[in-house]
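Undergrad: So the chains spell out like this:
Protein chains: 2
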Amino acid sequence: MSSDLHPWAETLSALHDQVWTRLIRGVHDRRAAARHPTLATVSADGTPQARTIVLRAADRCAASLRFYTDRHSAKVAELRAQPKASLHIWDNSAHLQMRLLADVSFVMDEDVTAIWASLPEVARHSYGSTPAPGQPLRDALDYQKTPDPAAFIVGVLALQEMDILHLGPQHRRARFSRAKGWQGVWCAP
Amino acid sequence: MSSDLHPWAETLSALHDQVWTRLIRGVHDRRAAARHPTLATVSADGTPQARTIVLRAADRCAASLRFYTDRHSAKVAELRAQPKASLHIWDNSAHLQMRLLADVSFVMDEDVTAIWASLPEVARHSYGSTPAPGQPLRDALDYQKTPDPAAFIVGVLALQEMDILHLGPQHRRARFSRAKGWQGVWCAP
Chain U
1 MSSDLHPWAE TLSALHDQVW TRLIRGVHDR RAAARHPTLA TVSADGTPQA RTIVLRAADR
61 CAASLRFYTD RHSAKVAELR AQPKASLHIW DNSAHLQMRL LADVSFVMDE DVTAIWASLP
121 EVARHSYGST PAPGQPLRDA LDYQKTPDPA AFIVGVLALQ EMDILHLGPQ HRRARFSRAK
181 GWQGVWCAP
Chain G
1 MSSDLHPWAE TLSALHDQVW TRLIRGVHDR RAAARHPTLA TVSADGTPQA RTIVLRAADR
61 CAASLRFYTD RHSAKVAELR AQPKASLHIW DNSAHLQMRL LADVSFVMDE DVTAIWASLP
121 EVARHSYGST PAPGQPLRDA LDYQKTPDPA AFIVGVLALQ EMDILHLGPQ HRRARFSRAK
181 GWQGVWCAP
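Just so you know, the protein sequences line up as chains U and G, in that order.
So that you can map any letter, position 136 of the first sequence is 136 in this note's numbering, and since no number is skipped, the others follow by simple counting.
So that you can map any letter, position 23 of the second sequence is 23 in this note's numbering, and since no number is skipped, the others follow by simple counting.
Hints were generated in silico from the structure; no laboratory data involved.
Nothing here was measured: the structure is a model prediction, and the numbers come from that model.
Careful: at least some of the hints might be erroneous.
Treat identical chains as interchangeable: a pair holds within one or across any two.
To be verified - Taking lysine to aspartate or glutamate pairs in the DMTMM-like style, the calculated list, with each CA pair at most 20 Å apart, reads: (1) Lys145 / Asp91; (2) Lys145 / Glu10; (3) Lys180 / Asp139; (4) Lys180 / Asp17; (5) Lys180 / Asp111; (6) Lys145 / Asp59; (7) Lys180 / Glu161.
Bound-form chain U, shown alone:
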């Protein structure tokens, strides 16, 4: 009856701990599944959108995550109109699906200037593009990437709910919410 490989899936608190262990690992380990979550948003016409992002920070006390992006990208426009996102991670090594619903805001202060200053030159090329990301081109390489601190923006995901599914000898699924102090409840997988 026990999930031999993953005993952390057997109690709500151990499962919640495991989610944060995996998220924090994603910030520091390029090969961790949580390094590259899928960020789902809703566009102005009500259609869902999804793309890979890089997880840059995970703060368990605040229950928040951070990512970097170009201020001129479609996802920034979408999130300013509808500041809700769902982050999706499938961690194959743990047989664990993490679905994280969040309120999203953007940071634009001295903190961002300090983060920019700490980025290696090669990383800065991801922020600043002519034309802007998504604009049509006459040819595939007819664009320039020029590091632009004014294009650099930090997104903050304030987690509201987690829907966690573990696929084991018997599947287990739990929901945790900020409103209930993250204590969690089992639900049918």
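Following the hints, position chain G against chain U.
TA: Leaving out everything else, chain G in the frame of chain U:
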């Protein structure tokens, strides 16, 4: 100036071919990245939702994909209210991100009965749950999975747009749309 590893990224038609090669591989190869896309939808309150699905069919002529699910799952209710989905695949071996926007419908005819009949017994346990998927439980394993043909439903994703990003020595991004016969246009990555 060429993407040595992936010459198929250099023309719009070769890139479009490559997307379909990868999707079709996902149907037949359990280890292919396209086997397990992330399906993003919008819930009734306007928040984005995302979860892993299994790709079951890919038809290039119709530009459609299929997945199986439990009729009582939240995604079916979400898709009946807002029949748009975005499918997201990151194929690490190809350095390729596929974002596929689709209109979604459900099949409920003899075809579905035939698919059910062809499923192995173990696979049928994914369709039919008491209580329904997502319902709260008193304990983690306080549910039964009983194969139920009436719970089995086939989702059809009629693709409308593809946003394809290849990360190479120089990044390339293209959009293809059904409305323009899938001919494609390059855009800024």
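Undergrad: Now tell me if each hint is right for this structure.
TA: Structure-based check of all given hints:
no. : hint            : in the structure
1   : Lys145 / Asp91  : neither (32 Å within a copy, 24 Å between copies)
2   : Lys145 / Glu10  : between (48 Å within a copy, 19 Å between copies)
3   : Lys180 / Asp139 : between (52 Å within a copy, 18 Å between copies)
4   : Lys180 / Asp17  : within (16 Å within a copy, 48 Å between copies)
5   : Lys180 / Asp111 : neither (30 Å within a copy, 44 Å between copies)
6   : Lys145 / Asp59  : neither (31 Å within a copy, 37 Å between copies)
7   : Lys180 / Glu161 : within (10 Å within a copy, 40 Å between copies)
Against the hints set out earlier in the document, violations occur for numbers 1, 5, 6.
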